[in-house]
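Starting from the known structure of chain Y, arrange chain A on it as the hints suggest.
Respectively, the protein sequence lines represent chains Y and A. Reminder that position 269 of the first sequence reads as 269 in full-length UniProt numbering, one-by-one numbering, no gaps. Reminder that position 432 of the second sequence reads as 432 in full-length UniProt numbering, one-by-one numbering, no gaps.
Note that these hints are calculated values from the structure, not bench results. Because the structure is a prediction, the values reported are computed rather than measured. Where a beta carbon is used, it is the ideal one built from N, C-alpha and C, also for glycine. Treat the hints with care, as some may be off.
Chain A side only, calculated, beta carbon under 10 Å to chain Y, not exhaustive [said to hold, decoys possible]:
1. 178
2. 195
3. 219
4. 225
5. 246
6. 292
7. 410
8. 506
In case you want the letters, here they are:
Protein chains: 2
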Amino acid sequence: MRQIKIYDTTLRDGSQMEGISFSVEDKLKLTRRLDELGVHYIEGGWPGSNPKDAEYFERMKNIPLKNAKLAAFGSTRRAYASVEEDLNLRMLIEAGTPVITLVGKSWDMQVHVVLGCSLEENLAMIKDSIAFCKSYGKEVFFDAEHFFDGYKNNPDYAMRCIHAAIEAGADAVVLCDTNGGRMPEEIAQAVEKVVEETRAIAATRPFDVGIHTHNDSELAVANTLIAVQKGATQVQGTINGYGERIGNANLCSIIANLELKYGYHTIGREKVKELTSVSRYFAEVANMAHDERLPYVGAKAFTHKAGLHVNAVAKSAETYEHLPPELVGNTRRVTISELGGRSNVLMKMAQFGLEAHTSSEQVRQVLEEVKRLEKEGFQFEDAEASFELLVLRAQPDYEPPFRLLDFMVVSESRNGGEFLSEATVKIKVGNEVMHTAADGDGPVNALDRAMRKALAPFYPELDPVHLTDYKVRVLDNESGTAATVRVWIQSTDGKSTWNTVGSSTNIIEASWLALADSLEYPLRSISKRRLR
Amino acid sequence: MRQIKIYDTTLRDGSQMEGISFSVEDKLKLTRRLDELGVHYIEGGWPGSNPKDAEYFERMKNIPLKNAKLAAFGSTRRAYASVEEDLNLRMLIEAGTPVITLVGKSWDMQVHVVLGCSLEENLAMIKDSIAFCKSYGKEVFFDAEHFFDGYKNNPDYAMRCIHAAIEAGADAVVLCDTNGGRMPEEIAQAVEKVVEETRAIAATRPFDVGIHTHNDSELAVANTLIAVQKGATQVQGTINGYGERIGNANLCSIIANLELKYGYHTIGREKVKELTSVSRYFAEVANMAHDERLPYVGAKAFTHKAGLHVNAVAKSAETYEHLPPELVGNTRRVTISELGGRSNVLMKMAQFGLEAHTSSEQVRQVLEEVKRLEKEGFQFEDAEASFELLVLRAQPDYEPPFRLLDFMVVSESRNGGEFLSEATVKIKVGNEVMHTAADGDGPVNALDRAMRKALAPFYPELDPVHLTDYKVRVLDNESGTAATVRVWIQSTDGKSTWNTVGSSTNIIEASWLALADSLEYPLRSISKRRLR
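The shape of chain Y in the complex, shown without the other chains:
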């Protein structure tokens, strides 16, 4: 079982993504999580590029890693200057990491146009910079930027850059498809060549050929896999494929494919089970929604909708799952939808651990209620909190934490002026009636605020609860503004999130229903206790 080393660059190349801005604290947290996951190298940042990265490396000096080696990233020295005077190289050494990764040019066009120096000078820059870092006892990797474009246009020069790095003592040369534009055959051919030409070196000392790809042609994962098949032993990428433009190669998919499909050893099968939680954790720290459609680790990766599929999955999971979701720490999810039937509802109830408390008469009731509501436009496939409430309400002893008596929402504009929305709400909790009013950025926002005002005195635990997403879909489009509208709401209390749904021809009613569920859901277990 060949060992493939995983080099994570989420904290450096991944953070180039629009919308991502890690604080130093974030980076420290993520470093620890990557170390626990068992990746071999963690590229923490570019100490010469900004003070935040410099601070990160300073603080990392006091944080020992269990598995991974920390790498600092920087570029080869400037043209026609000495390494000793190069501030960038100086800061790389001072970062105090065991590994230094140096990026340099390997495409002749780039040397001319971007560096504006001679091809020979670029070779000297590669050699000098690597030798300089080696003289401090560092493990040094050479990231050959645009290697595959260079190899396509001037293979001789691209290979000379590789040889220059090796002669200077590089412990790995990493072949980069910087623009993400090369096809798998081109990657295969070039990697094969480099592996072949460096075989003699690799026999005498530890040496890796690495691969670093981008997803601009939707081939980052495939190009990484083919490079490994052709002999690459170090893989660079990012968690969730974060990165500039379309992103870097997604390590979650790569690790899963290498371990579970090809049988290579990367972080080990036990650690592969953490991929889903690591993926979610990174999304959370990056303050981005976790992409449901991420292969292997996304919420939809093992989700079944069509009735045909669900029946088949019930017979044999292999039928519509390429592997058991547990292997990557994910779970099977069956959506409740118009396309499914009784088997869907039962599987769903089992998932919530509700089936034990539910008689078969109640199951029948739930099923009928689901059918009725779906006909009215509800859709529970992505609104599990509303579904769970529906099941709870079918149980005879369920006592709702509040009941709605009256409400009114007014939206108006006078003399062409500002739009205003105001809501009044009358609710009953136990035997008490609350009547409140609030305004808001729109009718639903006003309603939300009036509801919270009414519930706050009874349920202080609702304080941290807030809406994080609100979606509206018009169902039977043909009927225009008299059409049925489905509203979907996501809420959080800071720890967990839940989704609810409402549907009506009246958008305010649909919003109200989803809103009420979103507030009832976190109270579902405490309400009984309180009110008895």
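Chain A in isolation, oriented as in the chain Y frame:
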């Protein structure tokens, strides 16, 4: 230059995606757009599975296609039953399409576990069903479900299924990686085998080997490309990779890679330039956010963040772009908006025949107004009526047919009773003021009806005008119910249709803006005449 045929299944397999629910009207629009794009086959749906698809095929009988052939999808006959009595096959024939695509099993495990019949019976099901459809003069494709899993586990039986299809007269066999779990090498080997074994048939009559992949291992595009390299000549996929779980193979990336990287002929290089707008159009009709990280066609595909990159791009675009964005109709992102560029606005105005009446100062005004509105959440991509009004309003002599003075909408429910919505509207036409009230199925419907009541005495030509579609999208999801909302409305007078847009943090205001445009648009030319 080898011709690869593109088979789009967005309307069938793509619509299995959670969150997608196309109306019949949506499907007709998308069919027309796919036909214009020049794909070779459009799989419209599964007529036997639901009444909506049956209606779609009924209506398609009167809509001629210029380039594409329409395909109806269904499964092989049921086990131990006759084709004549098979309702599913009957409905496929009645769909009246030139092409029928039949899905059948080719994995022995599936035959045993899911169908519960003998391996021989499955072969008979394949043969009978294809022969039945062929007897009606149809072009028949056989989708070999789970082919690659079957080929891995029992290659002999998988190949027997292929041969059964061919013997029965199938015009193509499409090899499906249904679970999306197979690696490129496995795809390559199996496709090679099928191409080799069917070479003799392909020499005597038109015959294609097709490829149909899913993205569960993040390899759908790579697996499609390698199949083509190994001789597949039909490619199945969906726009934007829509589909169940992680999705189908993304045709946008596949077409771009095949045409621009490999030099195959698919829809032709001129049409490839439409990929970005097609991708956006499909997202819009699916009422989903356009994924910014879609390769080639996403907003971030040619966006640069890192200072290093931006400098280099300024020196030479090739430095950090794998190809010129114009080739796929995308743009390097410098401005914030889609229409933002002056040339875009001019192109759009020329399209409406408005540029002759517009001074360069007005063009500048329009451009600024577009930028301002797009920043507020408007999008004119699929709302050309609103854009045309915006240009008209920049002309000094434009007199709006009506002006809004006041309005108010109330939505309420008392004692847990029915939800009611009522609107009052005060508008000015010429020097007259109208004050009206109406109720409706929701606040927007009530507003719509009050507006019509007010305008009817002045503009009887509005009588046939009505809304046919109403969509709502929440833009910055993070802010919950206080988020910006975009409302899109489609209207018709029975002869032509037009689309309008409104945006606001208040859903009622956003609806009002789109609604007002939808009523002003058909009056734009007559209003002056009337009021003078």
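Hint check:
1. 178: holds (7 Å)
2. 195: The hint is violated - residue 195(A) has no Cβ within 10 Å of chain Y, the shortest such distance being about 17 Å.
3. 219: Holds: closest Cβ of chain Y sits about 5 Å from residue 219(A), inside 10 Å.
4. 225: holds (7 Å)
5. 246: The hint holds - residue 246(A) has a Cβ within 10 Å of chain Y, the shortest such distance being about 5 Å.
6. 292: holds (8 Å)
7. 410: holds (5 Å)
8. 506: With Cβ-Cβ at 4 Å, under 10 Å, it holds.
Hint 2 from the list above is the single one not met by this structure.
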